[in-house]
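My numbering runs 3 ahead of the 1-based position in the sequence shown.
Keep in mind the hints are simulated off the structure, nothing from the lab.
Any given hint could be a false lead.
To be verified - List of simulated lysine-lysine pairs, DSS-like, C-alpha gap at most 25 Å: (1) Lys106 - Lys35; (2) Lys274 - Lys211; (3) Lys197 - Lys274; (4) Lys61 - Lys35; (5) Lys86 - Lys35; (6) Lys106 - Lys183; (7) Lys20 - Lys50; (8) Lys83 - Lys20; (9) Lys83 - Lys35.
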Amino acid sequence: DEVGLIITEITGEGFLKFATVGGIDPQILISKTVLCGNNIPGVIGCKAIHLQKREERKQTLSINDLYIDIGAGSKEEAEKNVKIGDYVAFASEFAEFGSGLFKAKAFDDRAGCAIIMEIMADRYPCSLVGAFTVQEEVGLRGSKVVSNYVQADLAIIIEATAARDTTEKREEEWVVELGKGPACSLMDALTIYKPELIARISDLAREKGIPLQFRRGTAAANDAGNLHLAGSGIPSITLSIPCRNIHSMNSLISKQDYENCLALVRLILNKCHTLI
Numbered sequence: 004d005e006v007g008l009i010i011t012e013i014t015g016e017g018f019l020k021f022a023t024v025g026g027i028d029p030q031i032l033i034s035k036t037v038l039c040g041n042n043i044p045g046v047i048g049c050k051a052i053h054l055q056k057r058e059e060r061k062q063t064l065s066i067n068d069l070y071i072d073i074g075a076g077s078k079e080e081a082e083k084n085v086k087i088g089d090y091v092a093f094a095s096e097f098a099e100f101g102s103g104l105f106k107a108k109a110f111d112d113r114a115g116c117a118i119i120m121e122i123m124a125d126r127y128p129c130s131l132v133g134a135f136t137v138q139e140e141v142g143l144r145g146s147k148v149v150s151n152y153v154q155a156d157l158a159i160i161i162e163a164t165a166a167r168d169t170t171e172k173r174e175e176e177w178v179v180e181l182g183k184g185p186a187c188s189l190m191d192a193l194t195i196y197k198p199e200l201i202a203r204i205s206d207l208a209r210e211k212g213i214p215l216q217f218r219r220g221t222a223a224a225n226d227a228g229n230l231h232l233a234g235s236g237i238p239s240i241t242l243s244i245p246c247r248n249i250h251s252m253n254s255l256i257s258k259q260d261y262e263n264c265l266a267l268v269r270l271i272l273n274k275c276h277t278l279i
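Work out the full structure, taking the sequences as your base and the hints as a guide.
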């Protein structure tokens with residue numbers, strides 16, 4: 004799944020009010036192009052700074068201050084194209100630029116989906132299930148369903164995680180860094196990962212020359228939170244692709260990090276019987 008918006012109200016003037024689906028900072032939404040419902044284009048707006056009072060300019064922007072303009076002149080006209088409950092997605096194009104960077108929306112978690120698709124095209128010395136889980140961004144719900152009927156020997160969660168390597172001066176606050184390989188989680192809000200398993204995977208990566216970094220942060224969570232508690236417990240590992248501007252319409256990842264994550268997952272699957 005990906006973060007987005009949901010229409011909650013259509014005003015008499017034909018503007019759309021909305022709520023967020025997943026963690027989105029309202030500050031990044033102003034003037035962004037979106038697609039509503041059945042690909043109806045719209046632009047997110049708010050009260051222009053020229054019209055704001057001094058006190059208003061000092062206040063933090065909230066979702067209630069924003070609206071979507073689809074060019075409708077009335078509520079009746081807007082209702083011909085959209086309805087309350089329609090979802091809204093960012094309108095953003097994929098691009099490759101700079102020194103091997105990718106730009107697009109929803110790398111969290113389309114990058115993980117892409118890796119699973121490549122993985123499932125090959126053969127490995129194990130039975131393999133690829134799960135594209137829904138509603139991870141709003142409560143890890145899809146993985147809860149998966150955990151009810153798949154009792155695996157090993158779970159590999161592949162996702163993207165926020166990089167702060169541009170805004171923080173102190174390197175220890177970067178969490179992860181682009182270009183340094185996939186990031187392995189040691190602990191997050193719902194999971195403490197098995198040290199022995201992490202050590203074995205780290206050794207495998209080192210032996211094959213695959214760069215691997217460790218996520219320097221324990222906040223947030225992912226589908227491992229459900230999977231490692233399923234049944235009698237599933238040993239789990241999370242590999243994250245570092246991502247700048249995560250949960251926005253223009254997130255950035257490194258092509259090299261993506262390829263190294265793919266290579267490491269392939270290596271783990273080929274060596275899985277030595278890990279479990």
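Taking the numbered hints from earlier one at a time, note which ones the structure violates and give those numbers from smallest to largest. Violated hints: none at all, because every hint is consistent with the structure.
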